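Protein chains in written order, with this note's numbering: chain A, 119 to 422; chain B, 66 to 354.
No lab work stands behind these hints: they were computed from the structure.
Everything numeric in this text was worked out from a predicted model, so none of it was measured.
Take the hints with a grain of salt, since some may be wrong.
What the hints assert, rightly or not - Some chain A residues near chain B, calculated using beta-carbon distances under 10 angstroms:
{"hint": "1", "residue": "Phe134"}
{"hint": "2", "residue": "Leu185"}
{"hint": "3", "residue": "Gln186"}
{"hint": "4", "residue": "Ala272"}
{"hint": "5", "residue": "Ser351"}
{"hint": "6", "residue": "Leu355"}
{"hint": "7", "residue": "Val359"}
{"hint": "8", "residue": "Arg385"}
{"hint": "9", "residue": "Gly398"}
What the hints assert, rightly or not - Here are the simulated lysine to any residue pairs, SDA-like style, with alpha carbons at most 20 angstroms apart:
{"hint": "10", "chain 1": "A", "residue 1": "Lys120", "chain 2": "B", "residue 2": "Arg184"}
{"hint": "11", "chain 1": "A", "residue 1": "Lys120", "chain 2": "B", "residue 2": "Asp194"}
{"hint": "12", "chain 1": "A", "residue 1": "Lys120", "chain 2": "B", "residue 2": "Val195"}
Stated by the list, open to error - Cβ-Cβ distance ranges computed for the label pairs, FRET-style:
{"hint": "13", "chain 1": "B", "residue 1": "His316", "chain 2": "A", "residue 2": "Gln200", "range": "51 to 59 angstroms"}
{"hint": "14", "chain 1": "B", "residue 1": "Ser215", "chain 2": "A", "residue 2": "Gln200", "range": "47 to 55 angstroms"}
{"hint": "15", "chain 1": "A", "residue 1": "Ile313", "chain 2": "B", "residue 2": "Gln116", "range": "56 to 64 angstroms"}
{"hint": "16", "chain 1": "A", "residue 1": "Gln186", "chain 2": "B", "residue 2": "Val165", "range": "25 to 33 angstroms"}
{"hint": "17", "chain 1": "B", "residue 1": "Gln116", "chain 2": "A", "residue 2": "Gly241", "range": "50 to 58 angstroms"}
{"hint": "18", "chain 1": "A", "residue 1": "Ile313", "chain 2": "B", "residue 2": "Gly182", "range": "52 to 60 angstroms"}
{"hint": "19", "chain 1": "A", "residue 1": "Gly241", "chain 2": "B", "residue 2": "Leu91", "range": "23 to 31 angstroms"}
{"hint": "20", "chain 1": "B", "residue 1": "Gly129", "chain 2": "A", "residue 2": "Gly282", "range": "29 to 37 angstroms"}
{"hint": "21", "chain 1": "A", "residue 1": "Gly328", "chain 2": "B", "residue 2": "Val165", "range": "53 to 61 angstroms"}
{"hint": "22", "chain 1": "B", "residue 1": "Phe103", "chain 2": "A", "residue 2": "Arg341", "range": "16 to 24 angstroms"}
{"hint": "23", "chain 1": "B", "residue 1": "Asp258", "chain 2": "A", "residue 2": "Leu329", "range": "53 to 61 angstroms"}
{"hint": "24", "chain 1": "A", "residue 1": "Thr138", "chain 2": "B", "residue 2": "Asp258", "range": "49 to 57 angstroms"}
{"hint": "25", "chain 1": "B", "residue 1": "Leu96", "chain 2": "A", "residue 2": "Gln209", "range": "42 to 50 angstroms"}
Built from N, CA and C at the ideal position, the CB exists for glycine as well.
The residues making up each chain are set out below.
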Amino acid sequence: MKYILGRLTQSLLALFTLLTLVFFSAHISGDPMDALLGDFAGEEQAEMLRREYGLDQALPVQFVKYLQRLAVGDLGISISSQRPVSELIAQRIPASLELVFASLLVGLVIAIPLGVYSAVHRGGVFDAFARFIALIGQSIPAFFQGLLMIVVFAIWLDLLPTSGRGGLAHLVMPSIVLGTGMAAGMLRLTRSAMIGTLESDYVKMARLKGLSERTVIWKHAFRNAVIPVFTYSAVLLATLVAGSIVTETVFAWPGLGQLVVDAVLLRDFPLIQGVVLFIGVFVLVTNLLVDLAYLVLDPRLRKG
Amino acid sequence: MRLPLSMPMREAVGAIRRARPPMLSLGFMTLLVVAAVFAPLIAPDSPRVGQLSSRMAPPVWLDGGSVDHLLGADQLGRDMVSRLLFGSRTSLGVAFLAVVFSGVIGTLIGMVAGYFGGRTDAILMRITDVALSIPLILLAIVLVAALGPSLQNVVIVIILLLWPYYARQVRGETLTLRTFDYVALARVAGCPDRVIIWRHILPNVMPTVLVIATLQAANVILLEAALGFLGVGIPPPSPAWGLMVGEGRIHLATAWWIAIWPGLAIFLTVMCMNIIGDWLRDWLDPKVQ
Chain A
119 MKYILGRLTQ SLLALFTLLT LVFFSAHISG DPMDALLGDF AGEEQAEMLR REYGLDQALP
179 VQFVKYLQRL AVGDLGISIS SQRPVSELIA QRIPASLELV FASLLVGLVI AIPLGVYSAV
239 HRGGVFDAFA RFIALIGQSI PAFFQGLLMI VVFAIWLDLL PTSGRGGLAH LVMPSIVLGT
299 GMAAGMLRLT RSAMIGTLES DYVKMARLKG LSERTVIWKH AFRNAVIPVF TYSAVLLATL
359 VAGSIVTETV FAWPGLGQLV VDAVLLRDFP LIQGVVLFIG VFVLVTNLLV DLAYLVLDPR
419 LRKG
Chain B
66 MRLPLSMPMR EAVGAIRRAR PPMLSLGFMT LLVVAAVFAP LIAPDSPRVG QLSSRMAPPV
126 WLDGGSVDHL LGADQLGRDM VSRLLFGSRT SLGVAFLAVV FSGVIGTLIG MVAGYFGGRT
186 DAILMRITDV ALSIPLILLA IVLVAALGPS LQNVVIVIIL LLWPYYARQV RGETLTLRTF
246 DYVALARVAG CPDRVIIWRH ILPNVMPTVL VIATLQAANV ILLEAALGFL GVGIPPPSPA
306 WGLMVGEGRI HLATAWWIAI WPGLAIFLTV MCMNIIGDWL RDWLDPKVQ
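The following block holds chain A by itself, in its conformation from the complex:
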C-alpha cells in the first residue's frame, strides 16, 4: 500500500513538473502574435488579440487560470486554427493508435523469432546475425530509414505511397520504420529471457521427459520468457506516441506527433500544452499501470 501511494505521488509530481515546464517554456518562446498576424498587422490588433487570449496578464496568473481550466477538462482554444484543443487532439488519436499498434506488431514479429532463435543457438551464426540486426535497429535514425524506404519502395519501385494515411499500403512503411526501431530492445530482452528460462530446472526436466525440442522451446521456455517482453511492450507502447514524432513527420502521418511539431512551429501555446500534456499523461498512466500490474502478478514485490 505504501508502495502504491509512493508510486502515485511520483506520477503526480511528474505530471505537475511536466505541466509547469511546458507552460513556462511555451511562454518564453516568444510572442505568438508574431507568428499569427504576420508582419503587416498593427500593434493595436496584436494588443486586442493578446487580451482576448489572456496573454496580457502576468505569467503566474495565467498559469493558475490554466490549471483551473484544466481541472474542469478545458484544454483551451488553439490559436492557429481557432478550434478547441481537445477536439484537435481527439481527431488525431485514431491515426496515432493505428500507427502505434501496427508498429508494435511489426516489432514483436521481428524480435520474438529472432530473439528465441538466437537464444537457442547461442554463439552461432544466427546469434551474430541477430545481434547485428539489433545494432542496426538501435543505430539507424528513423528519418534516415524512412527516407531510404521512400527512395526504394515509393520512388524506384513505385510500390507504396510516400505519405499520408489511407489504406493498408499507407501504413506499411511508417509501421516498419517505427517497428524496427523498437525491435532492437525487444530482441535483446527476448534473447536474455529465453536464455534464462532455457537454463532453468523445469526446462531440463521437460527435456529429460523426452519432449521434442520444439515443445520444450515454445511450450515451456518461451511461455515464461514472453512475460517480460510483453510488459516491456506496454512501456514502449506509451513512449511510442512520443517516439513517433519523427516517423510521422517523414511520412506526413496525421497523428499526435505531427500535431506537436506543427504546434511548436506555429507557436500555438494552448495546442502545445494540450498535446504534450495529453501524451505525457498517457505515458505516465501506462507506466503506473505496468508497475501496478507487476504487484498483482508477483506477490514478492508487495512486501518491498
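With chain A fixed as given, assemble chain B onto it according to the hints.
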C-alpha cells in the same frame, strides 16, 4: 531444430569477432574527429555559400557529375563533401559538450545522493524519477523551441535532460561502494567526506560513467539530428547533419544525395559509438548486461 549451419560456421563467427568491430569503430571515430577538427583545412569549398551553377550537381560517378563536387552539391549549389565535413563538427561538438557536462552533473549528484543517503537522496532521486518518466524527445522539442533554436540552446536542453541517466546509475553504485570496508575505514580514520567521495568513490564509478557516456553520445547524436530534421534544432544555413537530411527531403526524387549522405553519416557514427559502448561495457565490467 538445431541449425545444421551453426556448428561449422562457428569458426567463421570467431573470425569475424577477431576482426574486432570495436577497433574498426574506434578507427572510424578517430578519423571523424580529425576531419571535424581540421574541416576548414580539408574542405574543398565553403559549407555555407554555394554556386548556383552547380545546383543539385550529382555525385562524380553519375551522369553530369564532376570532380568539383565528389559527392554532389545541394539545392543551393553547396558542396556536399564540405557540408558533411563541417556538419561533423556540429554533431560531434554537441555530443561531446552534452555528454561531458551532463556526465559531470549527473555523477556529482549521483555520488552525493548515494553517499549521504537520507533526505538528500530521497529528494534527488524523486527529481530523477520525474525526469526519467517524461519522454525525452517531446521535452527536447518543446524546450529547444521555447529557448529559441540555436547551437547553444540545443546543448543546454540536452544537458538538462540527460544528467538523470548518470545520476541514477552512479547513485546505485555509490550505495554499494559505501558499504565496503575501505570506505568505512577511511571514515573511521577521520577522512573528510569530500575526500572520500573524490578519492575512493569517484575512481570506482568512473568505468560506469564512461560506458554511459559512450552510449549516451550515440543517443545525443540521434537526438540532435532528429531536432535538426524536424526544423526545431540548429537553424540553417549551419551545416548540421540532421538539418541537411530535413532540407534534402523534398528533393529526394530528383537529388537523393542531398538527404542520403548526411543520413548515412549519422547512421555510421551512431553505430560506431554503440559498438564502442557495448565493447567498453563488456570490457570494463562484465557484470553489467
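Consistency of the hints with the structure:
1. Interface restraint check: Phe134 of chain A against chain B, minimum CB-CB distance 9 angstroms, threshold 10 angstroms, status holds.
2. Checking Leu185 of chain A against chain B by beta carbon gives a least distance of about 18 angstroms; that is not within 10 angstroms, so the hint is violated.
3. At a threshold of 10 angstroms, the smallest CB-CB gap from Gln186 of chain A to chain B is about 22 angstroms, leaving the interface hint violated.
4. A distance limit of 10 angstroms between C-beta atoms decides the matter here; for Ala272 of chain A the minimum to chain B is near 9 angstroms, and the interface restraint holds.
5. For the restraint placing Ser351 of chain A at the interface with chain B, the shortest Cβ-Cβ distance is roughly 16 angstroms, beyond the 10 angstroms limit, so the hint is violated.
6. At its closest, the beta carbon of Leu355 of chain A sits 12 angstroms from a beta carbon of chain B; the interface hint therefore is violated under the 10 angstroms criterion.
7. Below 10 angstroms, beta-carbon pairs count as interface contacts, and Val359 of chain A has one with chain B at about 8 angstroms; its hint therefore holds.
8. Taking 10 angstroms as the C-beta cut-off, the interface hint given for Arg385 of chain A holds, the closest approach to chain B being about 8 angstroms.
9. The beta carbon of Gly398 of chain A comes within 6 angstroms of a beta carbon in chain B, closer than 10 angstroms, and the hint placing it at the interface holds.
10. The hinted pair formed by Lys120 of chain A and Arg184 of chain B meets the criterion: a straight-line CA distance of about 18 angstroms does not exceed 20 angstroms.
11. Only pairs whose Cα atoms come within 20 angstroms are accepted, and Lys120 of chain A paired with Asp194 of chain B is accepted, the gap being roughly 17 angstroms.
12. Of the pairs offered as hints, the one joining Lys120 of chain A and Val195 of chain B holds, with about 19 angstroms between alpha carbons and a cut-off of 20 angstroms not exceeded.
13. Taken as a hint, the range 51 to 59 angstroms is violated for the pair His316 of chain B and Gln200 of chain A, whose Cβ atoms sit roughly 34 angstroms apart.
14. For the hinted restraint 47 to 55 angstroms between Ser215 of chain B and Gln200 of chain A, the CB-CB distance of approximately 31 angstroms leaves it violated.
15. Distance hint for Ile313 of chain A and Gln116 of chain B: a CB-CB separation of about 58 angstroms, consistent with the stated range 56 to 64 angstroms.
16. One distance hint, 25 to 33 angstroms for the beta-carbon pair Gln186 of chain A and Val165 of chain B, is violated here, with the actual separation near 43 angstroms.
17. For the pair Gln116 of chain B and Gly241 of chain A, the beta carbons lie near 55 angstroms from each other, so the given range of 50 to 58 angstroms is met.
18. At roughly 35 angstroms, the beta-carbon separation of Ile313 of chain A and Gly182 of chain B lies outside the given 52 to 60 angstroms, and the hint is violated.
19. Distance hint check for Gly241 of chain A and Leu91 of chain B: the Cβ-Cβ separation is about 24 angstroms, which falls inside the suggested range of 23 to 31 angstroms.
20. Take Gly129 of chain B and Gly282 of chain A: their Cβ atoms lie about 32 angstroms apart, and the range 29 to 37 angstroms holds.
21. At about 59 angstroms, the CB distance of Gly328 of chain A to Val165 of chain B agrees with the hint of 53 to 61 angstroms.
22. Checked against the given bound of 16 to 24 angstroms, the beta carbons of Phe103 of chain B and Arg341 of chain A, roughly 57 angstroms apart, lie outside it.
23. For Asp258 of chain B and Leu329 of chain A, the Cβ-Cβ distance of about 59 angstroms falls inside the hinted range of 53 to 61 angstroms, so the restraint holds.
24. Between Thr138 of chain A and Asp258 of chain B the beta carbons are some 33 angstroms apart, a value that contradicts the proposed interval 49 to 57 angstroms.
25. Take Leu96 of chain B and Gln209 of chain A: their Cβ atoms lie about 49 angstroms apart, and the range 42 to 50 angstroms holds.
Checked against the numbered hints above, the structure violates hints 2, 3, 5, 6, 13, 14, 16, 18, 22 and 24; every other hint is satisfied.
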